[in-house]
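Just so you know, the protein sequences line up as chains G and P, in that order. If you use this note's numbering, the first sequence corresponds to residues 1181 to 1811, in order. If you use this note's numbering, the second sequence corresponds to residues 691 to 1156, in order.
Under the rule of at most 30 Å between Cα atoms (straight-line distance), these lysine-lysine pairs were calculated in the DSSO-like manner:
no.	chain 1	residue 1	chain 2	residue 2
1	P	K1037	G	K1337
2	G	K1337	P	K1054
3	P	K848	G	K1757
4	P	K1113	G	K1483
5	P	K1113	G	K1742
Which bits of chain P does chain G cover? Going by a derived footprint, with three or more residues having C-beta under 8 Å, they are:
no.	segment
6	1006-1012
7	1076-1087
8	1105-1112
9	1116-1127
Per label pair, the in silico range of CB-to-CB distance:
no.	chain 1	residue 1	chain 2	residue 2	range
10	G	G1770	P	I870	34 to 44 Å
11	P	K1037	G	D1455	48 to 58 Å
12	P	L947	G	K1390	27 to 37 Å
13	G	W1335	P	A698	54 to 64 Å
14	P	I1143	G	T1767	40 to 50 Å
15	G	G1770	P	N1039	29 to 39 Å
16	P	K1037	G	K1390	53 to 63 Å
17	P	E786	G	D1624	54 to 64 Å
18	G	K1757	P	E839	18 to 28 Å
19	P	N1039	G	R1617	49 to 59 Å
20	P	I1143	G	T1686	52 to 62 Å
If you're looking for bench data, these hints aren't it; they were derived computationally from the structure. Values in this document were obtained by computation on a predicted structure and should not be read as measured data. The C-beta atom is built at its ideal place from N, Cα and C for all residues, glycine as well.
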Amino acid sequence: MDQIVWLIPILPLLGFIVVAFLHRMLGNTLVSAVACGTILGSFLLSIYLFTSFDGNGQNITYFDWINIASLHVPFAFLIDGLSLVMLLVVTGIGFLIHLYSVGYMHDDERFPQFMSYLNLFVFFMLLLVMGNNYIVMFTGWEGVGLCSYLLIGFWFKNHSYNNAANKAFIMNRIGDLGFLLGIFLIWTTFDSVIYSEVFGSAESYSKGDKVITSITLLLFIGAMGKSAQIPLYTWLPDAMAGPTPVSALIHAATMVTAGVYMVVRSNILYTLSPDTLNLILGIGLATAFFAATIGLYQNDIKKVLAYSTVSQLGFMFIGLGVGAYTAGIFHLVTHAFFKALLFLGAGSVIHAMGGEQDIRKMGGLRSSIKITYLTFLIGTIAISGIPPFSGFFSKDEILMHLYSKSPLLWFIGIVSSALTAFYMFRLLFLTFWGDFRGTKHQADHLHESPYSMTVPLMILALLAFVGGALNIPEVMGGNTALHHFLQKVLESTELRFVSPHLTHTTEYVLMIIAVAIAAISSWFAYDTYVVKTKLPVGNEDDLKNLVRIIYHKYYIDELYEKGIVKPLNWISRQINKHVEPKIIDGTVEGSANIVLSFSGTIRQLQTGSIGFYLVAMVLSFVLLFALALII
Amino acid sequence: MLTLLLLAVPFVFGLIVHLLNERNARFAALFSTIISLGITSYLFATFDRESGMQFELNKVWVKDLGINFHLAMDGTSLILIALTSLISLLVVISTEQSKFSNPALFYTFVLLMQSALTGVFTSQDAFLFYVFWELALIPIYFICFLFGEEGRFRITLKFFAYTLAGSLLMLVGIIYLRSINPEQNFEISSFTKIVLNSSEQKWLFWLFLAAFAVKIPIFPLHTWQPDTYVNAPFQGTVLLGSVMSKMGIYGLIRFILPIFPDALNEYSGMLMFLVIFGIIYGSLMAWVQQDIKRLLAYSSFAHMGIMAAGVLSNTNVGVSGAVFQMFAHGVYSFGLFYIVYLLEDFKGNRVIGNFGGLRNIAPKLATVFLIILLGSVGLPLTNGFIGEFMILSGVFTYSPNAALFAGLSVILGAVYMLQFYQKTMLGNVAPDSFNDIKGKSFVLLGIVSLIIILTGVFPAILTGLL
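With the hints as extra help, turn the sequences into a complete structure.
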C-alpha cells in the first residue's frame, strides 16, 4: 500500500519532468501519451486504493522534512475517506481534462509546455489533498497557486493576461498569509502540525474557545483567497484569461475547492468555533448571492461560468457554515462534474466559433455542434437544480440544512439558486438557440470538436447526470452513501451537531419549492431569450444605474485599485523620491557629521575626503577607548 | 588543521594571483576556490552532528594580551563557510576577464575576501574575529573602488565610513570585555561566562549592535547599502549581498544572544519594530525602483530584515531559520544579481522599462529566472520557504503581531518580484539580439536552481548541522 500511495503524486511529477525536458525528443504524440498516461495511472491507483480501503485512515510517513527544535514536519500522507474522495475527483476529472486538452491545445506552438504545467498542477493538487499535516497541505496549496499563475498567463505575450496571472497569485498570497499564521498558531497551541495529533488534542477544548476560534478564522482567510470568496474573489473572473481547460480543471473543478477541503479537513476545529462557522455561513451566502447577480449580466461565455463558480463555491461554504460538511463535499463533487463539463463545453463552443467568446455574437449553435449542445444542456440542468440531475441532490441537501438553521437565510439561498437557473439558461439559449449572429466566415467553419474533446464531454455529462446517486437522501429511499463513507473523518463532530430533523413533509415541501423555482426561472429565461428573442444590451451606457453597478462587479476591483494599490504605490514613490534620500540618509549622515564636528580642530578637513573620515574615526575611537578605561 | 587550510589557501593564492598573467590568474583562482569547496565538502561529510565546536585549531598569538589564534566550527559556522566557498567559486567562474582593466588584481581581492570571511565565521577569539572583520572590508573596498561604476568614490567612502564606525564601536566593546574577563583572554566562550551588571550589558550591547546593525543593515542605517550594491561591479555586489551581509546576522548570533541576554530582552521589542519596519519599507522601495539592480538591493535589505527578526525572536526555531535562510538567501541572491548582470550586459542599462518579452527568445533564462524567483518569494519546495517558514514560526512565538507584519513580506515580495519578472521576461516585444543563456551562464544559473530545490526538498542537509 505504501508503495502505491507515493506513486500517485509522483507519476504526474514524473510526467511533468519528462515532458518539460524531453518534449523535443518525444514529439507531440508521445507528449500527449506521457501527460495523459501518468494521470490515468494515478487515477487507476486511486481507484485501487478506494476499493481496498477498509474505512480506517492511514498515515504513511516518507521522511522528516523539517525537523528542528520543536518544529517537526514529516513528509507524510494520510489516506482516509476524505482524501480518497478528493483523489478520485482530482485524478479522474484531471485525466478527462488532460485528454480534452490534447484536442484543444494541439495546435498551440507551446503545447508540450501546457501539458507539463497541467501535470505539475495535478502533482501539487495531490500533495494538497494527501498531506497528513498542514505544511504539506500548504505546499500543495502554494504549488497549485504557482501553476494557476503559470497557466493564467500561459499566453504571456499578452500583458492583460499577465496582469490577471499576477493578480491571482498576489490575492492568493494575501489569503496564504492568513493560512500561514493559522499554521503557526496551530503549532504553538498543539505543538504539532499533524492532523491526527492536532485533532486529537483539540477534542479536549471546549466549544467557543478563543484560540481555536482564532485558528479557524486565520485558516479561513486562506480559504477565502483560494476559493474566491468575498472579499478576495475578484481574481477568479480575471483568471479566465487562461486557456479553457485550465478554467475547467483549476478554476472550477479542483483548485478553487481547496478551501472547502481545508475546512472539512479541519472540521473538528471548526465545529469547536460556532462564531467562525457563522462567519463562513455569512460569507458563503453573500458570495452565492452577489456572484449570481453579477452572472446575470455577463456576456462572455467564460465570465458567466466564472461568476457561477464563485457563486457555487459560496453554496459549498453555506453547507460548511451550517455544519453540513458532507453536503459541502457532496456539492464539491457534483460541481466538479457539471462545472468541468460546462467549461469544457464552452471551450468546444469557442473552438467552433474560432475564438469568439461573446454570447451576443453566437446563437443557433445547437444544430451544428450537437454533442456539445446536448452535453452543455445536461450541465445546465444539473447546475440549475432540476431532478434527477446531480446538482439537485447536493444543493438540496445544503438548502435543507440551511432551512433548519434559519428559514430566512434559506430564502436568500433559494433566491440565489433561482438566479443560477436563470443565468445558466440565459447562457444556454443565447448560445445555442435562436438565429446565428456571427459572421459568415464563422458560420461556414462551424464544426463539432474532435473525439478527444467530445468523449470527455460525454463522460462528464453522464457523471453530471447520475452523480447525485452518491448521496441520495433517506427520504427518497437512498442510503446517503457519501455520508457513510466520510463518517470516520467527521464522526467526532457529528456528535456535536444535532442533525436537522425536519419532518418528511417539510423536506418534500422544500424540495418542491426549490424545483418549482428553478423551473420558473428557466421558463422565464426561455420566455425572454427564445420567445421574445431579446438580446443583452450592446452598449453599456444604455444600462440602468443598478444594472450598471452589477455589470461592473459592484466596482470592487476599482475600490481595491483606487483605495489600496494606487495610494500605496504613490506613498512608496514619494518615500523613494524624498524621504529616503533627504530625510533618512540626510539625518544619519547629518548626525554623523555633528558628532564628528565636535572635534573643532579638524573642522577644516570636513571636505568629504577619506583622510578626514579616517582621522575622525581614529580620534573618536581613541576617545571611546579612553572612556571605556575610565569606566 | 583543515580549518586553517580553508583560511590559508585563498590567502596564499590571493597574494600570488595578481603577479600572474590573466589566463594563469584565472586558472589559479579557480583552482583555489575549487580546493576550498573540496575541503568544505569534506568537513561537511565528517562533521559530527552530536558535538558542538570542532575542526579546532588553537595557538597562542599574543601571549601577554591573551590573544589566541583560535579557529573552530559549529554547524552555524560550517553552513556559512559552505556559503562562502560556494559563492567564491561562482564569483570566480562568473568573472569575465575582458570586463576588467586588471583581472589578476581583481581575483586577488576576491580570494583575500574569501579568506577574511572564512576567518570571521571560524574565529573563536574575539580579537581575531575583529581582525578578520576589518580585513574583510579592505578587499571589498578596493573591488568597489577600483572596479565600480561612476560615482563610486563618494559611495564607497560612505560605505567605508559607515561600517568602520560601527566596527570600531564593537572593538571598544571587545576590549572592555577583555579587561573585565577573569580568564584574561579574548575567547568568545569565556565572554559568555562574564557576569555583567545590567547597565554594563546595556551599553556594551549597543556597541556590538552598532557594528552588526550597519552590516545587516537594520533600518535606518541602511542608506549605504542600495548605493553600494548598485555601484559595485556584479561580483562585488554578490560578495556583499550574498556573504558579507551575513556577517551582521552571524555577529548577532555569536555575540549578542549569548553575552547580552538581558539587554536583548529589554531592547528586542524596539529592535524588532525597526527590523520589521525595514522589511516593509524595503519591500515597498523595491516595488517602485526603476533600476533593476536597485530593486534587488532593496529586496535584499528586506530579506536581511527577516533574518534579523528570526534572530531577535531568540527562539531556537527562529535562530535556526535565520541560519538556514542566510545560506538560502546567499544562493538565490547570487542567481538574481547574476540575471541582472546578464540583462545589463545585453542592454547597456538597467532601466526596467527598457526590457520585456525576453521569454520569447530566451526560454531557458526565463525558466531558471522563475525558479530562482520562486526561491526568493519563498514558495514551498524551494529553500526560501524553509528559512522563511522557520523564521516566521520563531517570530510568531515571540509575538503573533510581529509575525503578521513581518509576514507582509510574503505578499509584498510576490508583488515586486512578479512585476520584475513580467516587465523583463513577459510580453510581446521581443528584442532581436539577445542570446539565451548557454555554457557558463547556463551552468551557473543551473547550479543555483538545483541548490534552491535540493535544499528546499531536503533542508535536513543543512538543518541537520544545527
